[in-house]
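Asker: The primary structure of each chain is shown beneath.
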Amino acid sequence: MENFIQQLINGLSLGSIYALIALGYTMVYGIIKLINFAHGEIYMVGAFIGYATIHTFQLGLIPSLIISMGFCALLGALIERVAYKPLRKATRVAALITAIGVSFLLQNVMIYIVGPQVRAFPQVIENKVYSVGNIQINQTQITIFLTTIILMVALQFIVKQTKMGKAMRAVSTDADAARLMGINVDNVISFTFILGSSLAGAAGVLVGMYYNSIDPLMGVAPGLKAFIAAVLGGIGIIPGALVGGFAIGIIETLISGYGSSLIKDAVVYLILIIILIVKPTGLLGKNKKEKV
Amino acid sequence: MKKLIVGLAALALFTTACGTKENTKDADTIKIGGNFELTGPVSAYGTAESKGAQLAIKEINAAGGVLDKKLDYVELDNKSDTTESASVATKLATQEKVSLIVGPATSGATKSATPSLTRAKVAMITPSGTDDGLTLDSKGKVQPFVFRTGFQDSFQGVALAEFAETSLSSKKAVIIGDSSSDYAIGLTKSFKNSYAGEIVADENFTADDTDFNAILTRIKDKDFDVIYMPAYYEQAGLIIKQAREMGIEQPILGADGFSNQALLDLAGEENVSDVYYSAHFSLNNDEKKIKDFIKAYTDEYDIAPDAFAALAYDSVYLAKQGIEEADSSDPQEVAKALEKVTDFNGITGNFSIDENHNPVKSVFVIELQDGKEAGGTEVKPK
Chain C
42 MENFIQQLIN GLSLGSIYAL IALGYTMVYG IIKLINFAHG EIYMVGAFIG
92 YATIHTFQLG LIPSLIISMG FCALLGALIE RVAYKPLRKA TRVAALITAI
142 GVSFLLQNVM IYIVGPQVRA FPQVIENKVY SVGNIQINQT QITIFLTTII
192 LMVALQFIVK QTKMGKAMRA VSTDADAARL MGINVDNVIS FTFILGSSLA
242 GAAGVLVGMY YNSIDPLMGV APGLKAFIAA VLGGIGIIPG ALVGGFAIGI
292 IETLISGYGS SLIKDAVVYL ILIIILIVKP TGLLGKNKKE KV
Chain X
14 MKKLIVGLAA LALFTTACGT KENTKDADTI KIGGNFELTG PVSAYGTAES
64 KGAQLAIKEI NAAGGVLDKK LDYVELDNKS DTTESASVAT KLATQEKVSL
114 IVGPATSGAT KSATPSLTRA KVAMITPSGT DDGLTLDSKG KVQPFVFRTG
164 FQDSFQGVAL AEFAETSLSS KKAVIIGDSS SDYAIGLTKS FKNSYAGEIV
214 ADENFTADDT DFNAILTRIK DKDFDVIYMP AYYEQAGLII KQAREMGIEQ
264 PILGADGFSN QALLDLAGEE NVSDVYYSAH FSLNNDEKKI KDFIKAYTDE
314 YDIAPDAFAA LAYDSVYLAK QGIEEADSSD PQEVAKALEK VTDFNGITGN
364 FSIDENHNPV KSVFVIELQD GKEAGGTEVK PK
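If you read the protein sequences in the order shown, they are chains C and X.
Following my numbering, the numbering of the first sequence begins with 42 at its first residue and continues without gaps.
Following my numbering, the numbering of the second sequence begins with 14 at its first residue and continues without gaps.
Chain C on its own, in the form it takes in the complex (with noise of 0.2 Å):
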């Protein structure tokens, strides 16, 4: 029972990152139907800008999640208004393969800047270990658990309560009902590119920090899990993707925990399947009728 406390422990860290990532990808889907397979790779930007706040500017953690949040959300409104922008009347097939180019991109110039190699993110918190009983919790882990939930929070304070966020969901709905109401629509796309990638830059520091390694790679295998994350949540659903990035933190801890950590991943890529096939609208998704 213990051990099954403490994979949970585990799961819900690792579950914690995916769901931030999750995230981001969810957002952009809601708002213009695109997945954005470049977001994994604004989360690795994230993480090394938090590696030279940190390691080079010798800043505290605070600072440098706010700076790489910042840097991230520039990144992210800058992508879309040269890759995606030019293609909103395009088909949805030349956006999702633009996407791909922006990531490869994005891996190829931090490969080219700071090189292949793995590098160790500097120990920024002093990392102590809490035991109740035999199960173990650390101070990281405490971190990106409470990061991770006060981001959530001041995220679904921006899109209930704000008139942004009141204006991203008109969007979400009928983008173009929406611009007959007045809003402008290209503002609020960018503020959805904005809020999403900041978050994945907070993923990107609290990653680094938590395994103390970061290479220009890292963002392939998490996002692909995220995203997988944000479809078993119900894609376009923001609640969906946090409920379906801790579910699969927790579902890919247990295997490793009970089974056996060689079909962790064909597990988890199996789950994608299965959803797809049994109710493609995730777990949080209602059916909608098509608009005619």
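The set of hints was computed from the structure by calculation and includes no laboratory data.
Please read these numbers as outputs of a predicted model, since none were measured by experiment.
C-beta atoms are modelled at their ideal positions from N, C-alpha and C, and glycine is treated no differently.
Incorrect hints may appear among the rest.
As the list claims (entries may be wrong) - Here are some chain X residues pointing at chain C (derived, C-beta under 8 Å):
(1) Ser192
(2) Ser194
(3) Ala209
(4) Glu211
(5) Ile212
(6) Glu216
(7) Asn217
(8) Phe218
(9) Asp224
(10) Asn226
(11) Ile228
(12) Leu251
(13) Lys254
(14) Leu279
Unchecked claim - Think about it this way: if two alpha-carbon atoms lie no more than 20 Å apart in a straight line, the pair counts; the simulated EDC-like pairs of lysine to aspartate or glutamate are:
(15) X:Lys235 - X:Glu178
(16) C:Lys169 - X:Glu258
(17) X:Lys184 - X:Asp238
(18) C:Lys169 - X:Glu283
(19) X:Lys184 - X:Asp195
(20) X:Lys233 - X:Asp145
(21) X:Lys349 - X:Glu338
(22) X:Lys184 - X:Asp234
(23) C:Lys169 - X:Glu282
(24) C:Lys169 - X:Asp383
(25) X:Lys393 - X:Asp145
(26) X:Lys83 - X:Glu338
(27) X:Lys233 - C:Glu43
(28) C:Lys169 - X:Glu262
(29) X:Lys184 - X:Asp287
(30) X:Lys235 - X:Glu258
(31) X:Lys349 - X:Asp367
(32) X:Lys110 - X:Asp287
(33) X:Lys235 - C:Asp215
(34) X:Lys83 - X:Asp343
(35) X:Lys134 - X:Glu368
Got chain C sorted already, so can you dock chain X onto it with the hints?
Answerer: Relative to chain C, chain X alone:
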């Protein structure tokens, strides 16, 4: 960008090739070829070995050469590419007419150079190709022209099993291995075959994993006294960190894939205690010839030698012994003489060449405490 670099490298190679061709055959010298990874992804290994080899050549020439002739070292870059390695080997053997080739550094490049050298009947000594299959063909027959100075992978696993039993008095081991590299799979296999104690758990991960908490939580409450971890430093560093933070205090045992500064950076120096790994060579050795080598190398290149440089240095001296014992610079005679080398004294150990062209030598197991080398144990072959 990559194409441009490859193009430039090809151009550079072309010009050096033209340059060396002017050296017509000189009866007063014996030619030794160098086939190394001077550029490309594993150039760190190749350049270190090239430096080690050149230092040995310089020393031998300063001491009067071999058979009263000076050594003439001809080096070509295989660009860390297996195809290029084969063509470099052919060029050295047929155009330069070298007596013997030192290199390449990696198992893949050595494998691809083997067929052309077998045809040309020129021997090569790979300093650090550790794949068991390099010196044997697919039927298990020995390759007549392939030799090595580093121990083969399976021997590391055997030596580490012996070290665990004798020096750590281990009876129960846990294996945490990389299931995505041939190197680690081979190490796991040879350890399992020769470890006399019980293997309590055999866990696997793949090279792109970063979260090992689930595996570690699973083994934490098991009863064991050593963790055997065949992996490269990228993952090993993370596992050591996560294990130590979780309170797993048992000794951790790894192979030569641990030997990189990045292991300490990733794990955090305070976590790297009771960590042991096998190495070809240790800087902290009091033997005079090793100290002399370290000093000569540091004077020449301003950096401390690593295991790769030491192995290449030994490879050139092994070549010298082969030529002396053959009393000839004819490539076939040299290859025959190399098979019979019995008492070679090198800085990576004293060894004989066995019937499969592998050196019978000791493994150094280096102990790390607080991220520092705290001692070494020599494990002799049985």
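Asker: Name the hints, by number, that the structure is in violation of.
Answerer: 2, 3, 4, 5, 19, 20, 32, 33
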